[in-house]
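From just these sequences and the hints, can you work out the full model?
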Amino acid sequence: MRSFGALAVAAAAAVVLQTTLINTFQLGSAAPDLLLVLCVYLGLHQHTVGGAFAAFAVGYLQDSVSGSATGLNAFAMTLVFLLVYLTSSRLWVDNLLSRIAVVFFASVVKTLGVMLLVAIFLSVDGVWSTAARRLLVQALVAAAVAPPMFAVLSSSRRMRSADAN
Amino acid sequence: MSEFLRRNRVFLTSSALLFFSLVLISTSSRSPDRRDPLARFLLDALAPLQGGITLVRGTVGHVWDGYVWLVGVQQENRQLKERIGALEREAVQVAEMQQSHARLEKLLDLSESFAGRSYGARVIARDPLPWARTMTIDRGARDGIEKNMAVVSPQGVIGQISEVSWLAARVLLLTDHNSAIDALVQRTRARGIAQGALEEGCHIKYLRRAEDIALGDRVVTTGLDGIFPKGLMIGEAVEVARYSRDSLHGAVIRPSVELDRIEEVLVLAPGTRLVSEILESEGGE
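Chains as they are written, first to last, in the working numbering: chain B, 1 to 165; chain U, 1001 to 1285.
No wet-lab data here; the hints were simulated from the structure.
You may find that some hints are simply not true.
To be verified - Okay, the calculated bits of chain B under chain U, using three or more residues with CB under 8 Å as the criterion: (1) 9-17; (2) 50-57; (3) 70-82; (4) 100-107; (5) 149-155.
What the hints assert, rightly or not - Away from chain B, derived, C-beta distances all over 10 Å, residues of chain U: (6) Gln1075; (7) Glu1146; (8) Ala1241.
Predicted model only: the values in this text are computed from it and were never measured.
Virtual Cβ for every residue (Gly too), placed ideally from N, Cα, C.
Below, the structure is given as structure tokens:
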């Protein structure tokens, strides 16, 4: 229960930072996606039903503060969680480099997932050219913010474990 | 059976949530005006935090820029920008009036441009997604803000209110792919729709092939959509597109407002008009 409380605080902090400070550090049209890194962290460490619900909630939170259709990011984040969960339960994903690679691919999956849904449900022009232009740089930016985010989340987890003991 | 469910519970739960997300998307894309109360609650809950951080960032940035880094230069830059904005607005108004009622030229020095209720607001957050272009302002239903109100700056149109909570409101920028504004080319009076796009900028679409639009042409609001007063600057044409298959064409518009940098906006109540437009119509009667 405490770990989900900490996750809720982390998600709220991430979304506030992302909509205020992080937006000023855009690289081209890509901005660091802190909530995606949080979602990957969930996929790596929360192999529970609660983890799936938390990933959905993180996506829903992003939908709430964004102008996009409700459910777009909820879908993308749940998909990312599921894929990371399946990957980490079959492959060894325990060092920093492999985690950064997971974040990179998770960003690719998220961008493609959202663009696919936009193309299907919202019939917007230029979806795939936009996706092609942004895919790589968005994934690189997400991968770049992964190490400090993982460090903060891991230290918070260690502190909770120490308190519990 | 129960063993299967127990072993695959994470997979099954995630699949159910994916399906539920699709239902949510389908529902919200069919009725984009409807926003569930939980989303509105989250917008309200985060608004004070976002406002606080934006204020701190602005204060720290101001101290750094104004006193530590370039003393005096920032202030001069701001004054020059304000002057440029005032001159651009004045130029649009002059062109509008010359074309219709030259005798109203003497009224261009009016400092108050709008007749009607207006609300000043501060931008407290921007859209976290790179392909959606909205921003959050620190005024909501408590202050009298309503859905579909026009949002402008001295340089021109910014967008319109798309969602209102008690403490904050979301502005759909004119460059968002969901935005559509009734517009006309100032020089030729050709009418079209200024629509946002997934990429940067926006487009004026649905111009008849016979009607002319050229690079550098100014695009302004028509006032016919009941949201924006007539004659507000939207932007200027930077690329003209000819479509071969139909009888319509359009152009890429560079917005007159630097939407990424805007910090304060003016929200206009329904029915607000430019003073110049009111005088023009009174002069015609």
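Verification of the hints:
Only when three residues or more bring their CB closer than 8 Å to a CB of chain U does the claim for the segment 9-17 of chain B stand; here the count is 4, and the claim holds. Only residues whose C-beta sits within less than 8 Å of a C-beta in chain U count toward coverage, and the segment 50-57 of chain B has 5 of them, enough to reach three; the restraint holds. Counting residues of the segment 70-82 of chain B whose CB falls under 8 Å from any CB of chain U gives 10; the rule of at least 3 is met. Against chain U, the segment 100-107 of chain B contributes 0 residues with a C-beta closer than 8 Å to a partner C-beta. That does not satisfy the three-residue criterion, and the hint is violated.
As drawn, the segment 149-155 of chain B meets chain U at 0 residues by the rule of a beta-carbon pair under 8 Å; below three, the given contact is violated. The non-interface label for Gln1075 (chain U) is consistent with chain B: the shortest C-beta to C-beta separation is roughly 21 Å, beyond 10 Å. Against chain B, the non-interface label of Glu1146 (chain U) holds: every CB pair exceeds 10 Å, the least being about 18 Å. Against chain B, the non-interface label of Ala1241 (chain U) holds: every CB pair exceeds 10 Å, the least being about 12 Å.
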